[in-house]
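Participant: Below, each chain spelled out in residue letters.
Protein chains: 4
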Amino acid sequence: MRQWKNILIPYEQAIGELKVKFKAIRAEYRKRNEYSPIEFVTGRVKRVSSIIEKAKKYGIDEKNIEQEIEDIAGIRIMCQFEDDIYRVLELIKARDGKDLTIVYEKDYINNQKDSGYRSYHVIIRYPVQTAYGEKNILAEIQIRTLAMNFWATIEHSVNYKYKNDIPENIKLRLKKSAEAAHRLDEEMLKIRDEVINAQKLFELKSNT
Amino acid sequence: MRQWKNILIPYEQAIGELKVKFKAIRAEYRKRNEYSPIEFVTGRVKRVSSIIEKAKKYGIDEKNIEQEIEDIAGIRIMCQFEDDIYRVLELIKARDGKDLTIVYEKDYINNQKDSGYRSYHVIIRYPVQTAYGEKNILAEIQIRTLAMNFWATIEHSVNYKYKNDIPENIKLRLKKSAEAAHRLDEEMLKIRDEVINAQKLFELKSNT
Amino acid sequence: MRQWKNILIPYEQAIGELKVKFKAIRAEYRKRNEYSPIEFVTGRVKRVSSIIEKAKKYGIDEKNIEQEIEDIAGIRIMCQFEDDIYRVLELIKARDGKDLTIVYEKDYINNQKDSGYRSYHVIIRYPVQTAYGEKNILAEIQIRTLAMNFWATIEHSVNYKYKNDIPENIKLRLKKSAEAAHRLDEEMLKIRDEVINAQKLFELKSNT
Amino acid sequence: MRQWKNILIPYEQAIGELKVKFKAIRAEYRKRNEYSPIEFVTGRVKRVSSIIEKAKKYGIDEKNIEQEIEDIAGIRIMCQFEDDIYRVLELIKARDGKDLTIVYEKDYINNQKDSGYRSYHVIIRYPVQTAYGEKNILAEIQIRTLAMNFWATIEHSVNYKYKNDIPENIKLRLKKSAEAAHRLDEEMLKIRDEVINAQKLFELKSNT
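Residue numbers (this note's numbering), protein chains in the order written: chain A, 179 to 386; chain B, 179 to 386; chain C, 179 to 386; chain D, 179 to 386.
Isolated chain A, as found in the complex (with noise of 0.2 Å):
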């Protein structure tokens, strides 16, 4: 454990500067009048007993664990709108090769799980100067909408109580309800759509 403590610092210096960084992509677009793609941040570095857990499960020899479990550091980024998230990709591969590299990405939002899970996941390289010289570390950062992300909360919440073995009939429930946060996204869509074609309308008028 002790061992552990340390071995997480620069995973918890990662997180600060992500979250900084990413809401300083947010603070920028609002202080030019913007409209950002960002709605907020978050960020988090797995329990030592999560991490540990997640090694057994998956059969990941202990010295092997900062290679291959990826969200030891995870950054989380909501969005109003489904079309933010491919903004908000786009800022991202932007900074590949600068200030992070990306290792790879799963596109959740296309290709849903059967959980009814919805989210687009960034792995990348992150360079962290520590105390001790320079170390790389992976993290992952997940791109959502809000309700993405409500119904991805309770999913957690849910998995935790019953250990990751789920009844059913809750199974069940909560596809019923991503179905549900799914269609709320669609309708919102709409609505941004509506919003920006009527905007184009107005400039059009205004122009002639």
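Hints were generated in silico from the structure; no laboratory data involved. Model, not experiment: these values are computed from the prediction. If a hint is listed, it holds; no wrong ones were tucked in.
Treat identical chains as interchangeable: a pair holds within one or across any two.
Cross-link-like lysine-lysine pairs, in silico, PhoX-like; alpha carbons within 20 Å at most:
| # | residue 1 | residue 2 |
| --- | --- | --- |
| 1 | K183 | K201 |
| 2 | K354 | K291 |
| 3 | K313 | K276 |
| 4 | K201 | K271 |
| 5 | K313 | K201 |
| 6 | K368 | K349 |
| 7 | K209 | K313 |
| 8 | K235 | K341 |
| 9 | K341 | K234 |
| 10 | K232 | K183 |
Keeping the supplied structure of chain A fixed, place chains B, C and D upon it in accordance with the hints.
Facilitator: Showing chains B, C and D alone in chain A's frame:
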């Protein structure tokens, strides 16, 4: 404007204190390993331009603004489930006459607005100790689920863009998305009940 | 330990609230473009190990700890000049009987400790609204200049290293540095007076 | 003004990132139960009015301001002891060419200003990823003890009041207080050495 900057100082202070107080409730439940009915808390002081606009709209004389505009200081408490809203309400009522006084309540959960808006509002009076003595101010606490909050945020942007004169077809779209948000809350509530029922069943079995 | 974790919850809440309240005073003066007697504010809850150690040292029975150890919750207010300490004291007295109650005061400015320690202490009773009702706790407010705080921080580290059994030669060194800190405060106070006098002279001239 | 608001956005972002990074060093030492040479960190972006004033004073053309005014973004690192300043300097040099580049250094510790001012300055170039691409900005890091900082804060207020035209008698007072601050640092440094020597003696004894 200059004068307003000074008038708003105790309101900013009240928001700072109330945010810390309601966030502490969440922290308390977490530290006790208990379920918190509060998911997160935000707060803001209304901008001077919005205060003046509202006063004009409702024909409020400038000298009565602090008595008649009740949401100059606004606190928003977000819950995971609709049931939690009433638990938060009980927590507020328990401190009535202590560090705050309840003025009145508006139940937009059972009486949703025509627009589709749902939330529970509590207007309170809150004493602030300033460098120049005590000042009693009014504040509005809005209690809502994450889905209600998501919808209200979008509606607010749309209202802002159309300056409260939303076209009929967009009003309809907003109503449809309000219904989708409501359905999501209903689905979520069913899971909450099932999870709690399952737990009770488990405890019954364990005790026999 | 587990039990202590719960006992300390309202103390942590009190510290959160009191920090926000005293920082707000500073913010208020700044917004009014006035000089703030408060430079910065810190706060902490005593660690369980330190509480138990202190109880043993003074022969305090465990069930009396909350009544007899007055600094479980500690707030520290730092001032630029010695004069400011008394202005902060007036601000605290002005809210006595409102959101806090003064229990008693300890003036280590005019009666400095043998070690060289100088600060003004105010013991207060503060009501906290928890999820399980109101609880009245004791808290200690320490008011000091930046130089007093600098010295006290160093003395604390030295005490910690020598477990309160500081060798005589180091005690002497500490006293000499306490004198240097005191001289710095005296020099600074003279500048404050000169600056204020110069301003008064200027105003006198302007008005004739 | 409007334009300046946008120019300053990456500077504000840089300050946010650099504060998190240097605070993380302190947190790292603390988590490892080691002494941290960093006591606390502050940061600020120069106000537009001060930038323009400085440009006028030094005859800097508006289009060269970002290249020639090096302290638009300013980070301040406070240490307990003078020795710590050089340890912080080593930490900054260790990341030169990684997340920042050192441009040059100004040693006002060994070459104190006539006014009495003492501090170690490092001018760096720092890359910021904005929503519109990468931007390299200049920033000034000031490293100083708590006593140096205390004095510098007072001198800044005095300068501000007298608009950089301080009367001779007050200049003298400031110099005397700078000496008092310097003596305090010297006394403190002696304690640090004694504490460390005492510890070494203890370890020597233990190992024989």
